[in-house]
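Kindly produce the complete structure, drawing on both the sequences and the hints.
There are 2 protein chains.
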Amino acid sequence: MALNDETALLADLKARLMEIEDFGSSASLLGWDEAGFMPSAGARVRARQKARLAALTHQKATDPALGRLLDRLAAFADSLAEDSPDAALIRVARRDFDLATRVPAEYVARASEHGSASYNVWVGARPANDFAATMPYLETTLELSREFAEFFAGYEHVMDPLIGPDEGFTASEIAALFAALQAELRPLVNAIAEKPVVCDRCLHQTFPPAQQLAFATKIAVDFGYDLKRGRIDLSPHPFCTVFARDDVRITTRVKENDLSDALFSVLHEVGHALYEMGIASELEGTPIGHGASPGVHESQSRLWENIIGRSLPFWEHYYPLLQSLFPDQLGHIELDTFYRAINKVERTLIRTDADEITYNLHVMIRFDLECKMLEGKLAVRDLQDAWNARYEADLGLTPPNDTIGVTQDVHWYGGGIGGSFQAYTIGNILSAQLYEAAVAAKPGIEPDIAKGEFDDLRGWLGGHLHRHGRQFTGPVIAQQASGARISLEPYIRYLKQKYGALYGLAL
Amino acid sequence: MALNDETALLADLKARLMEIEDFGSSASLLGWDEAGFMPSAGARVRARQKARLAALTHQKATDPALGRLLDRLAAFADSLAEDSPDAALIRVARRDFDLATRVPAEYVARASEHGSASYNVWVGARPANDFAATMPYLETTLELSREFAEFFAGYEHVMDPLIGPDEGFTASEIAALFAALQAELRPLVNAIAEKPVVCDRCLHQTFPPAQQLAFATKIAVDFGYDLKRGRIDLSPHPFCTVFARDDVRITTRVKENDLSDALFSVLHEVGHALYEMGIASELEGTPIGHGASPGVHESQSRLWENIIGRSLPFWEHYYPLLQSLFPDQLGHIELDTFYRAINKVERTLIRTDADEITYNLHVMIRFDLECKMLEGKLAVRDLQDAWNARYEADLGLTPPNDTIGVTQDVHWYGGGIGGSFQAYTIGNILSAQLYEAAVAAKPGIEPDIAKGEFDDLRGWLGGHLHRHGRQFTGPVIAQQASGARISLEPYIRYLKQKYGALYGLAL
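Note that the protein sequences, when read in sequence, are chains A and B.
Just so it is clear: in the first sequence, position 158 is 158 by this note's numbering, and no numbers are missing.
Just so it is clear: in the second sequence, position 348 is 348 by this note's numbering, and no numbers are missing.
Just so you know, the hints here were simulated from the structure itself, not pulled from any lab data.
Heads up, the beta-carbon is just placed ideally off N, CA and C, and yes, glycines get one too.
The reader is advised that the hints may include incorrect statements.
[Said to hold, decoys possible] Which bits of chain A does chain B cover? Going by a derived footprint, with three or more residues having C-beta under 8 Å, they are:
#, region
1, 189-199
2, 339-348
[As the list claims (entries may be wrong)] Calculated lysine to any residue pairs in the SDA-like style (CA-CA distance at most 25 Å, straight line):
#, chain 1, residue 1, chain 2, residue 2
3, A, Lys14, A, Thr101
4, B, Lys14, A, Arg110
5, B, Lys14, A, Ala109
6, A, Lys228, B, Arg351
7, B, Lys228, A, Val123
8, B, Lys195, B, Pro209
9, A, Lys60, B, Gly67
[Said to hold, decoys possible] Sample of chain A residues at the chain B side, in silico, Cβ under 7 Å:
#, residue
10, Asp22
11, Ser25
12, Ser26
13, Pro39
14, Ser40
15, Ala41
16, Gly42
17, Gln49
18, Arg52
19, Gly230
20, Arg231
21, Leu234
Pasting the structure below:
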């Protein structure tokens, strides 16, 4: 193939992929608007508009001409250095194309339609403690998830296709990792449970929302979130969404009686946003111009939210400012009391409210239950009992109702069973692994935190992780940045050191 | 053709048209977001995303398959009653298709690109009083506008294709109408100019933006603007945009030192919004589910802004509320003083700040100048002089600079020359014509205004105008609703009665 041919083919490929990206970003804007701005009566037509753009994007992503183009570029890609962005682009575009074409459009539409119907039932059933109402929907969802997996016949575990190729770990690798983590967390949680319960009343006074947002925004900006390239809005559930590398937005909710909700939601979403904003600009508008995998993405949100945002040096710097914003509420509260409150470890029933240690127990329960369901070893009709039994076994609590039990999370009721939850704990593990590598490379990072300076940390993450985008899968990115595909030790070290000191444990 | 065939063809047509509508609405959301929300750095990629959706929409709108479908439905349309919505749908879709296909995609892209370049030059040149810098761009714009007209060879006047078919009036009809209006307005403006200048200082105190918005929103809701189907946001220039019949949004700006700016902008945009919200729901997602023409649309914004919103009965009802919101600023200002201030007639240089009478003089100057340019009788290099001479002749004022002279409006510098300005004055004329018909049919409308009740007015407009959408052209809609395609008399009667009383004129 002549050089000109390859150049022209590659340009054609990039133009096609950029078109798909642009339609995808437009669809994301419809979603962002829907979550925080759209008047309620607009919902019906908005669903149609979103479906329209989704169908268009799917059509473009499965265009046989795109497949032929990728075929013709295969040899060229092999001739490039493995770490060349163009090689990565062709490789990832091939992976996306194969994935998109394996799943028939008919299935996508059917699953999407069922997902909406199931979600609508769940919205009513959850507050009504009516798990039974969701069961027939959940059974179809389970069938759909199995059907999805069958499009990728040859898998090792039925969960593997649901996790997807970007994560880079099989279900059995994850199960082994989680078992090892479980073995470490159990004694730690037990030891903390024997200590007096930490008082976090100081967080549950009245905090005017505008000041809460102003404070969270100030920290977001200090972390490096550029308000010329993003904005912070309100929505019922916090999220980060990307319309372009230079337009990465986050949302949060604010609870007047819970200081930690908006604050840590913002720091979490800012972690996602800094990742997307840090991707090399030349990858913009391509499928590799995004984060590497859900787990790696979550490592960034967890790093900024927990490792930095719940650390003592961080609050040594920021607590006086917080006190000055809320003098009546916090003026008389010692830093130590506040620091303990935001790091209170407690066995509770709700994943999204859990502390950074027990959060993983919630994730692992879900991962195990969905593996069993997909394997056919757990029927939907037995799910409620299985859920309650696992909560009793792992957290020592039995949900008094399904609202804060088996129906608490949207994942199974809105989309599919399998493939989502594991990323949260993979992210926790990677967050400590990457942070340890960053500090080893730049020891000034830690003292900087106590000064409210984060440039070196963001710079290291940017250079070793962010800028690569989706050129490599999660484990390859982690290996390059920290020397290991994934490693439990840094996370365990981090937890033991922090919570050993907080709870006076001999570990 | 068998009935089943026609039913299937019609369903196919509607599906294709709805797809075009949905992509168009998605593009509108990109524009809405850009105007009021998008972080500044997002502009570059946003332009690309908008161009992408515009190209897609143009491609779908000119799809030869759509043309063949319309060909096959032509006989069927002829067999339907002329006032059947399906007949109107096929008729309007045919018109849109013919228009879209006459204009080559290459031209659309070239004109759009030039429009952006010209706009960017104008943004800098306007504040710098640098008309010369815009001249080469304006010359190309003029050529492009002529080129556009040539796609519709056979026109009577080169302006006609630029005005477009929906308006339903030719340039020569409009010129005759404007000449008659000019003859009526000139003595009226002269008579007012001989009276003492009205003092409007009361409007130029400090009015906190939040209260201004709260008051404007209250009136919007009283007019019938449903906040479940719309919302009001801030943007540098007020506008109304439609994402669905049940999602019609408006924006405004707020000037702390000008009470009338946000208030009347909102009432104006609400007029546009009520029109779109009142279109029959079965027309939603079709090309006839929009307002009939720019002039008819403007009649609705002017009716609510001026005929209602600047009337004495209206303020007899609302002024006490306004005073209670701004007691320091307005508590001591009499209703009569306020009413005169918001209806102050004055020859000024800026169209967008003009009162409801002289506004038309500004429009007619522009219409005449662009006719002359398109006819080749006025060169761009002579435009500045021609502009200044016309302002001296028509308004007795010579612009001291181009910022508030020939470069004041975006229209010529951002899009094209010809086809936009006439709608404002057509709207003014129609607003009085339609209002007179409404009051004749429902005499309770006028006393209701003094009670802050607008249901009968909105109901009449809804039934006679709004619900039809774009099934008929402007003059047909006006004829059906008020018995005349367009008639100057009601507007002249309205102006003479109102301003005769205000200025103590014997007319």
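Hint by hint, here is what the structure shows:
1. Check on the region 189-199 of chain A: 0 of its residues sit with their Cβ under 8 Å from a Cβ of chain B, so the three-residue criterion for coverage is violated.
2. Only residues whose C-beta sits within less than 8 Å of a C-beta in chain B count toward coverage, and the region 339-348 of chain A has 0 of them, not enough to reach three; the restraint is violated.
3. For a cut-off of 25 Å, the pair hint linking Lys14 (chain A) to Thr101 (chain A) stands: about 19 Å separates their Cα positions.
4. Among the hinted pairs, Lys14 (chain B) with Arg110 (chain A) is consistent with the structure: their alpha-carbon atoms are about 23 Å apart, no more than 25 Å.
5. The hinted pair formed by Lys14 (chain B) and Ala109 (chain A) meets the criterion: a straight-line CA distance of about 20 Å does not exceed 25 Å.
6. Straight-line distance between C-alpha atoms of Lys228 (chain A) and Arg351 (chain B) comes to about 33 Å, which puts the hinted pair past the 25 Å bound.
7. At most 25 Å may separate the alpha-carbon atoms for a hinted pair to count; Lys228 (chain B) and Val123 (chain A) meet this at roughly 20 Å.
8. A distance of roughly 34 Å separates the Cα atoms of Lys195 (chain B) and Pro209 (chain B); the hinted pair therefore is violated under the 25 Å criterion.
9. Our distance criterion of 25 Å between C-alpha atoms is met by Lys60 (chain A) and Gly67 (chain B), whose separation comes to about 23 Å.
10. Annotation: interface hint on Asp22 (chain A) holds; nearest CB of chain B at approximately 4 Å, less than 7 Å.
11. About 6 Å separates the beta-carbon of Ser25 (chain A) from the nearest beta-carbon of chain B, less than 7 Å, and the hint is met.
12. A hinted interface residue such as Ser26 (chain A) counts as satisfied when its beta carbon comes closer than 7 Å to some beta carbon of chain B; here the least separation is about 6 Å, so the hint holds.
13. With its C-beta approaching chain B no nearer than about 5 Å, Pro39 (chain A) sits inside the 7 Å limit, and its interface hint holds.
14. Annotation: Ser40 (chain A) was flagged as interfacial toward chain B, and the flag holds, the nearest CB pair being 5 Å apart, inside 7 Å.
15. Proximity of Ala41 (chain A) to chain B holds as hinted, the smallest CB-CB distance being about 4 Å (cut-off 7 Å).
16. For Gly42 (chain A), the suggested interface contact is upheld, since its CB lies about 3 Å from the closest CB of chain B, less than 7 Å.
17. Because the smallest distance between the Cβ of Gln49 (chain A) and any Cβ of chain B comes to about 5 Å, under 7 Å, the interface hint for this residue holds.
18. Below 7 Å, beta-carbon pairs count as interface contacts, and Arg52 (chain A) has one with chain B at about 4 Å; its hint therefore holds.
19. This hint holds: Gly230 (chain A) has a C-beta 6 Å from the nearest C-beta of chain B, less than the 7 Å allowed.
20. Because the closest C-beta pair between Arg231 (chain A) and chain B is about 5 Å apart, less than 7 Å, the hint holds.
21. Checking Leu234 (chain A) against chain B: minimum C-beta separation of about 13 Å lies over 7 Å; hint violated.
Violation of the numbered hints given earlier is confined to hints 1, 2, 6, 8, 21; the remaining hints are satisfied by the structure.
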